[in-house]
Amino acid sequence: MYGVINKSLRDMVVEQFGDGKWQEVLLRSGVPDDSFLAMQSYDDDITYSLAQACADEMDIDLSDALRAFGVHWVENTVARQYESLLQAAGSDMLSFLRNLNNLHDRISSTFLNYRPPNFRVHEGNENNVEILYLSERIGLTPFVEGLLQGLAQRFNQSMEILEIEPQAVNAGEKTLFKVRMG
Amino acid sequence: MLGKKRSSKCVWVRGWFFPVIKLDQFWDELQGLFTVVGQIDSEGVLVRASPLLAEKCPIDGAGPIKFFEHFKFKRPTPFDGSLVSARGAIGELFLGFSEDLGFAIRGQVMDYTEMGLDGLCFVGVPWLWWIEGNTASSTLTMSDFPVHDVQMDQLFFMSTQQSMVEDLQALNVQLKSAKQDVERANDARQKYFHHVSHEMRTPLNGVISALSLMSDFKLEGKLLEYSELASKSADRLLEVVNFTLETASLESHVSQAESSTFRLDDLIDECLMLARPRALEKGLELGRSGERGFMKNYRGRLKLLRQVLGNLLSNAVKFSHSGAITLGASMLDSNDSQGDMIEFFVSDQGPGIPADAIEKLFEPFATGLSAATEHMQGTGLGLSIVERFVEALGGEVIVESSVGEGTIFCLKIPLSFAPKDAVLESTRVAIPQQIDEFSGAVLLVDDNQFKRQLNGKVLESMGCNVAIADSGEKAVALIESNPKAVDLVIMTVEMSGLSGFDAAQRILDIPGAENIPMFGLTAHCGSSERLKAEHAGMTGVLGEPLLVDDLRNAFLPHLPSNSTVSETGPTQHLVDKRRADAGTGSEPLSNHGAMVDREDPNMSENDKPLAFGDDNMAQDVVAFDREPIDRLVREVGIVVLDTLVDKFLGESTDRWESLRKAMADEEKNIIIREAHTLGSACLTFGLAAAGGSFRKVEASALAGGVLPVADQLPAISEQLGLGIRELKHLLSEQRLK
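Note that the protein sequences, when read in sequence, are chains H and S.
Numbering of the first sequence is given in the working numbering, commencing with residue 1 and proceeding in unit increments.
Numbering of the second sequence is given in the working numbering, commencing with residue 183 and proceeding in unit increments.
The hints are simulated quantities; they were obtained by calculation from the structure and are not laboratory data.
Watch out, some of these pointers could steer you wrong.
[Unchecked claim] Cβ-to-Cβ under 10 Å is the rule here; a few derived chain H residues that face chain S:
#1 Val4
#2 Ser35
#3 Gln40
#4 Tyr82
#5 Ser95
#6 Phe111
#7 Asn113
#8 Arg115
#9 Asn118
#10 Val121
All C-beta atoms in this analysis are idealised placements derived from N, C-alpha and C, irrespective of residue type, glycine included.
Chain S on its own, in the form it takes in the complex (with noise of 0.2 Å):
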């Protein structure tokens, strides 16, 4: 009966054509699509009304109903309640209310006066919400709604969104429920790991460090070929457990959503210095490439990026043998409010990946992938949790190998921007102080590791490119190889095997190799000690702890000298107290040039046999002093002191073990080697009072006098035991700088 399109004879009604009909019929029309009528006289009384409305309104009732004052309007606005004020908003949305009659209208007003009638006609529904919101309870039912009204059907929805967000609140109880359960699980698996961890490493350790005292001993043989393979399995064993632990506890890290600032210059310097050390000792070089200088901070998971990179460049080392390894970082796309996209490479010269073998590269336990690699084992979990944390940072991995040349790894990562108020993540190592003050080949040969790795790490801080042997024998092979590949010599004296005298003397017989420097690195800087060096054919002695300005007065007549370094260098001012308190100095020895030597002409106290009994040993000497830490946290970084010191504290209940069983058993050659390595141990990590007594312990049993007993042990037991509370004091203390 409605609609748009204009009859013969139509009465207008905003915009609606209504075709002239009997008014009763249109009353009936209307009742028809709304239950909410009502004629409204031009007085604005209410004189007809559908029979819902005629119930809550009673026309001949009490008396006669102004629609519009009856019912109180929230819509439309403004809106005075008259007939005027109402006419004005034809077309408009009434919603009307009264609080005496729990009841409520919608509708709109529609003006028929070219019917000839005067007043106003409203055309409705119950207003729904109102009532259920206002009223205890709704007496309406679904034939009070005109099919086309879609209250009923939002009553139906507002039901099941109710439902719906009950239903998301108890799944989001379980979410978190389950995130406790999954933390509690994880955290209890920490503690099982760090506690396999404690209890495998330990016995571990003991059977590597007794397979290397074996080693002290002359094996011969299948002996020989028994105890080698023991320790190589044993060292494998330890890398898997270490490395398998590691990884566990690791993949904890891809669920946390842990979200760090950082600097890529850091993060990248850090990678580099965690990995220096193992290619310190491989003769590998290992260097920075690609872009320098990110001006941004980022913010993103910064455990995950530090672990991808760290498992490239120790692959990187690990599969090796010579070359250089770099890792870098340039800039490829960037989207100025929101971050950079980051490729990060990491490149070797080693062996290289066969095309077929590049494909199963990131699987799980993928091992020997090529003839080159496939004696060196691993756990083959390093690139499949390389993969995994790459995904997780949201990028991906590429790699590009040619055997026999090397491999690149490329990881392309976007990196968001941190907010400026961001504070930056500290590096988890002090990145120490980089001299490159010399330049040129430096051979290391000590048969202790932890002396190489220390050592070599001071050495490489001064620029040069350091080359390991660790032993007199190797140090020998390595420069008849090439001996222009050597532009100085630093060894240990006293090592098992061929001596570091013994072993001087070889080197200057191979053609080519007469005037390559030697310093001889030992513990007693004494005179008979610089007597053997001058016959050996060595240009001088190092004593050690191996520092710095020894170092740098070594070197300057014998290698290239980037000298823009001040000669007094950052550490002069601790190396000057040391010696004025120790009264010693280095000055040179004889015409061979810079000889280094901390001995006085006179011999000092401390390197004076001493008759084990004394009773002022070690009473006038502190239990700890914190210099050299502070040093070697300088010149080292305390990640890679950590792992000297933890190589330090496993190897010396060993050693000591050793020590007291040879006291017992008068063994004088093994008290004076453990004593010796337990004496320069203690003193290289400020353990002063207990080194003090080692040393005294070596020089009684050298002396050839009386041994010492072991009545004395509990007093240097009670020192190393101070000592080393201490030391661990002090490396927590570095940690938190």
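Just chain H, same shape as in the assembly (with noise of 0.2 Å):
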């Protein structure tokens, strides 16, 4: 993964815990440095093996931990660095999930090693919505809660994630969220 998760997860902590907490973490992560460069790729345990620690050195579940990423990813990192990106991406988060893999796409073209997830958005009646999640890589289906959680307060909509249903795939991770929104 890119840099700018690992810098992401880094300030996450920081902000919340300071960085007493995070150079714990990094201890016990076993990552011998945290210069991250945003663009720079780096190797994907690199990331496992940080948000592990997080976990462990918060003693949560990894699933909680990731959960809390992904809001936080959507609420500070994207917010604060990519914020004309995101305006462009949708003004409310139904257009916003229809245009990802199109923002994808364009992130495809300068970040060559670039590995985007693929959301399928179905609009079904009476506000509910289902989101298809495919990925190359495994085990970021929490990650991707926290994303919904934290675009839905950006985009000031309330949003009830009925069920999280996992798919059969042959590679990587397929995860099916029904969500009703407000």
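Starting from the two chains in their separate frames, assemble the complex, guided by the hints.
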């Protein structure tokens, strides 16, 4: 993953718990250095190790840590660094979700090693929406759950996650989020 | 729909062939590719617009919109807003903006006259960067940009680049902070080492001095054995302490981006200068080989290079028992605009290094790598440092060695040329004037280490090959082993063990040594000393401190002269002045030849035994005479002089204590010995008042009269203190020069 992800994780811990806690996380993770550059591609294991160390250090489940990270990613990192893009991608949560693949396509032309997830949005009746998440990576469904919560907060939209349904897939991860928009 | 392939009926638009289709279908095709599309009639009026353009420029609004006037176009240039001008710029990039609308467009115009319509068509997209930069908030969405347009990609890219810049700025701050931390730590370490150095060296010097004094007593058996062991161990410990502390401080050089401008010839001469005293002591030849006269100045890490060459020379001297050591350099390759590849080499004729030991040579703490050198202890860090520093200099080091024949270290080091206006780094040592007036082997015999070093250096500066013996016994043994190896002997007459006079008599009895000229060296050039010298078979006596001009007079009849140097050397006027002041001079004493003796036939006041209680003791003598220091700087250089003065200061405290105790205990022999040594040293280094007082103490004790009493010591102590202060001040001045 790109350094911008690792940086965001570090910023979340530092902002919420201070630099001392981050140093403990870093030590626990075994990652030797936290001088991440946003556009540099790092081994996925670094991100996973850091996330796991965060969970261990906070004494919470990894899924809780990833969920919190998803919220932080939308509310802080993306909003701070890519606000123009966020604005261009949509003025409400649904339009944003529909543009999300388009956004990732554009990122792919710059981040050549980028392996973005794919989102398929299907609007049902009574404000029910199904969001199918597909990724080459495993274990990031809680992070996506956090992203959805963060987006709902950003667009000031009430959202209830009705069901998170893992689906069979040959490789990577595939999850169906069933949500109800307010 | 668009393509280069010609169909049966096409319209040509700036190099592209469009198949002729219905106008509406064509319009739809354009809107599929671009989000800002406008049809402009022959009057320049916008008559049809895509939804995004129509939102900004309503066609059915207040009045007709003159498209090329409505927007201000930054490109193309020149562009006057007319339809003619627009038609002339078909195929060029159009960048237009409207501050009123808060909207900007980028694209190009197309001519579709052949489709039966007048006017032009504008196709393009919103000009994102202008809008981002000139409007408070953009209402554009991703759907306002066709997928092939890269402006959104650029937006993401620029956002990320901004993040990268911030990352790098943050890293830069961290690096600066880390660098400052390292510098602070280094500084603290330097202070610590300085402190430790002082704390360790001072008591260690005390131990060494005390052991040296013990050796003056006639120790025998186990006591002698233990004393020698203690002395060797203490010397060794001091060497290790000095080396370790110096090494630790040198470590910081590697990380420092030091860059100095220097002359290669100066650097080589300086390194040889620094190694010479030790080589001299061991009777080794030390010289320069390779090329000379490097024309260009170089710029680089002078401290590292100096240390590398110094370490290699120091090792060569340490492990060699005989033969020659050379340091040289030659140019391997030159890049006229950049610099030269220089090969340095340090060779010796020492015991050599076995092949299997060479691979471990540069490992830290590698010592005793061969049977021949295993008894020579060292810290084993010298060559490790050499390798590290050579690496830091961007060079390489190669060793070739043959057991029993010697070793040569070759360093290939790239050196950059210095800019023409660069200021040369002055060498650390004032290179003393090399007179090279005489040739021949001179044996210098003295039991005082710093006098050996000092006088050896003076002799060498005159061109002599100098051999050293630290006792009369060793001098006799050395000449016995090879009488032909010595052309002349200079021997201190007052020595513990075999005195100079006794040693001279024994030397005369050695077959083949009968005609070796021998000069006694004494602070008392009185008639009694002259007589003793004559009785001992000596050629003459030389006064202390040893002066070049006295030596020249002494050498002329006995040593081969390279006499291109005027007999009146550069220091002659000073000598003349001294002699005029002292009312003394040198003159032949007998038929032995050029006997050198500064004594007036009538003994001078200073040489007369003096009752210690004289009121005028030393009162008329200046506290400090800078002339000896000026002379010594010229003759031996400031670095050697610094070393000697350090040794003097280190020893003087202990000798002073010894003298004080001897005076309290009325130990006449010790009083004579200590006062003599202190007096000689003080006069050598210009401490005239203190030296004079010590002379009088010695003379008084020698005369056998009333022994000096401890009450006199405070006055001498004050003279000594004042003199030392002046000496240090003068040395500081000399270093600055």
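Evaluated hints:
no. : hint   : verdict
1   : Val4   : holds (7 Å)
2   : Ser35  : holds (6 Å)
3   : Gln40  : holds (9 Å)
4   : Tyr82  : holds (5 Å)
5   : Ser95  : holds (8 Å)
6   : Phe111 : holds (8 Å)
7   : Asn113 : violated (13 Å)
8   : Arg115 : violated (16 Å)
9   : Asn118 : violated (16 Å)
10  : Val121 : violated (15 Å)
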